[in-house]
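Letter by letter, the chains look like this.
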Amino acid sequence: MSRVTKFAARDPGPSARIVGFIAHLRENGLRLGVAEADLAMSALVEIDAIQPGDSRRALRAVCTGCKEEAERFDDLFDSYWMDMGRVRQKVTPSLSNAVNDGVHSSSDATGEHTGSTGSATAPDGQEGAADSDGTGKLIASENRNLNRSDLRDLVRPEEIAEAEDVARQIGAALRDKRSRRRVAARKGDRLHFRKTIRSSLATGGEPLRLLRKRRPDRTRKIVALCDVSGSMSLYARVFLAFLAGLMRADTAADAYLFHTRLVRITEALRDKDAMRAIGRLSLMADGFGGGSKIGPSLMRFADTYAKRFVDGRSVVLILSDGYDTEPPAMIAAALEKLRKRGCKVIWLNPLKGWADYAPIAEGMAAALPYLDTFKAANTLADLAALEHDLVSL
Amino acid sequence: MTWKDLQTALGGEGYVASDDLAVALQLALSLGRPLLLEGAAGVGKTEIARALSAVKDTKLIRLQCYEGLDAAQAIYEWNYQRQLLSIRAASEDGVTGKAVEDRIFSRDFLLERPLLAAITQEAPPVLLIDEIDRADEEFEAYLLEVLSDFQISIPELGTITATTRPIVILTSNGTRDLSDALRRRCLYTYVAYPERATELAILKARCPEVDVRLGEQIVGFVQKLRGEDLEKTPGIAEMLDFAAALMGLGIADLTADPAVLQSTLTTLLKTQSDKAQITPEVAGRIAGKAA
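So the protein sequences, as listed, match chains F and L. So the first sequence is numbered by numbering that gives the first Met the number 0: it starts at 0 and just counts up by one. So the second sequence is numbered by numbering that gives the first Met the number 0: it starts at 0 and just counts up by one.
Bound conformation, chain F alone (with noise of 0.2 Å):
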């Protein structure tokens, strides 16, 4: 590494700057506390701290906690330690617009990738203004224009409540039936001799209380994927209060958007604040309201992350109106994959509300012979009707 660091004379010392460090990583989004700091100092001390590639390596297995956060680290590096000792400006975090000029004011060159990586940097691309193009245009011309809105004005802090509320039923709706192992249980159908013995030790030997077992119905994991381009803007609010609804009444679930391509936005609805969620996936979002290419970004979703995070427990919910510019054949072969994992393919259409609807567009066509249940979803409400559709899955 060339460049070299050049700290101010009045620079109070290693430990402050471990703690800058420490709040720069923090400000992008890493979860650090306190603790960290002291580990990072700790972990420094036990390497050869003046080499910045040991440096860069411990820190990163002290400050980093997944994948994404591992990639994002040597940028986030590189521009605390190595961008001549530039300190970032100070922000001050407010619920208004700050999220954003923190970011921006840290995010570098290769801001891009880190915004595609589903971080919280992300580059104000030029190309997010696009047209709606192809078979968006309908609905787009009765809407107003969202491209690069912010999607906080789209939605309420109450309706993200209320999204949450028809979340859980939802995932309380989906439960899986099949399991082999058996489980204590007041109401069991079997005999679980192991505790009735155990009991027994209490009234002589004499098996006195049966305690039974049962086979335990386990929670299903919700994957959801919501279509955010220029046809379905219309419904955009509805879809991402709900996205942000079930992050919140559901630790395991997993959300992601797409539109000309997928983004992964778990991470971001992870947030406390429910507003500032909203907000940082609006920096994320870059092209929303553009065009929609579903079948690649199923693909590449079936791809990547579906290997890691869906099995057979697993429910992929999809959120669109099934209208791309891609050939809908990609559509079909994405679907056919997803279902070898096993998992459970919901599609919901907001045009299937609608009086005299058939699935004529060509991708949704290719799509319905691999769903598992189609079905119509305009508002909250038509998605905490769904809740009984669900229970027989």
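Honestly, the hints are just simulated from the structure, not real lab data. Be a bit skeptical, because a hint or two may be false.
Said to hold, decoys possible - Here chain F is said to cover these stretches of chain L; the calculated rule only asks that three of the stretch's residues, wherever they fall, bring their Cβ under 8 Å from a Cβ of chain F:
{"#": "1", "segment": "72 to 86"}
{"#": "2", "segment": "166 to 176"}
{"#": "3", "segment": "187 to 194"}
{"#": "4", "segment": "215 to 223"}
In this text, a Cβ means the ideal position worked out from N, Cα and C, and glycines have one as well.
Using the hints, position chain L against chain F.
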């Protein structure tokens, strides 16, 4: 011991660790923190624990996680059968009350499971908690408690405090997100598929009898194959199997006989559709490029 020494020592045990991994391991050892390793299946996450226990010359205690794993299988369990027999015997001898209780709730009747075994060793062992993402979240929470306090309380017996602190290594395939609390407690390293040079070194360490040219072909072939759109990407273990298969068949050049190459691909491709995708022509093309 610096991380470079550790890296060399691991190399002596046939494990080629990347610089990142070596630093993280060294820190885990010196700071006494658990190390969380994430990565795709077959990149050598489990193997690192074995190599480390060999380097440190200590016992390796392994806890394989699975859905439904509970405290009885992970920490301790009373030996009910022995207890019952003992109660029977005691009543025949005329011993009753407190004496029986003391006897059946002693360490003799306790079945040690991996976690308890790990903290009651004489010398600090390597505790490998494999595929933690398969365990339930409830278990993860319990594990946190054990990993932070290094003590286990057994209601009938009292609290057992660790005699030694084990070196803890957790692995995860990333099938679900782990809790933030667990991630915070651990040092973290993402283990990626190795670079070409690293993989060559691994092959050399594990199968020294493979000659240099064939070794380069094998590694090049597998690296190219990873770039293909496969359902199950071949890991390092598969690569070693592949090398062993080629050695067993006495093949010196990958491009020589497409039919034999195709038959050895069973060591690399593990699903029907992957096999259908890598036809002899495709395999031949990849082998040609790799050569």
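Now the hints, each set against the structure:
{"no.": "1", "hint": "72 to 86", "in the structure": "holds (count 4)"}
{"no.": "2", "hint": "166 to 176", "in the structure": "holds (count 5)"}
{"no.": "3", "hint": "187 to 194", "in the structure": "holds (count 3)"}
{"no.": "4", "hint": "215 to 223", "in the structure": "violated (count 0)"}
Checked against the numbered hints given earlier, this structure breaks only hint 4.
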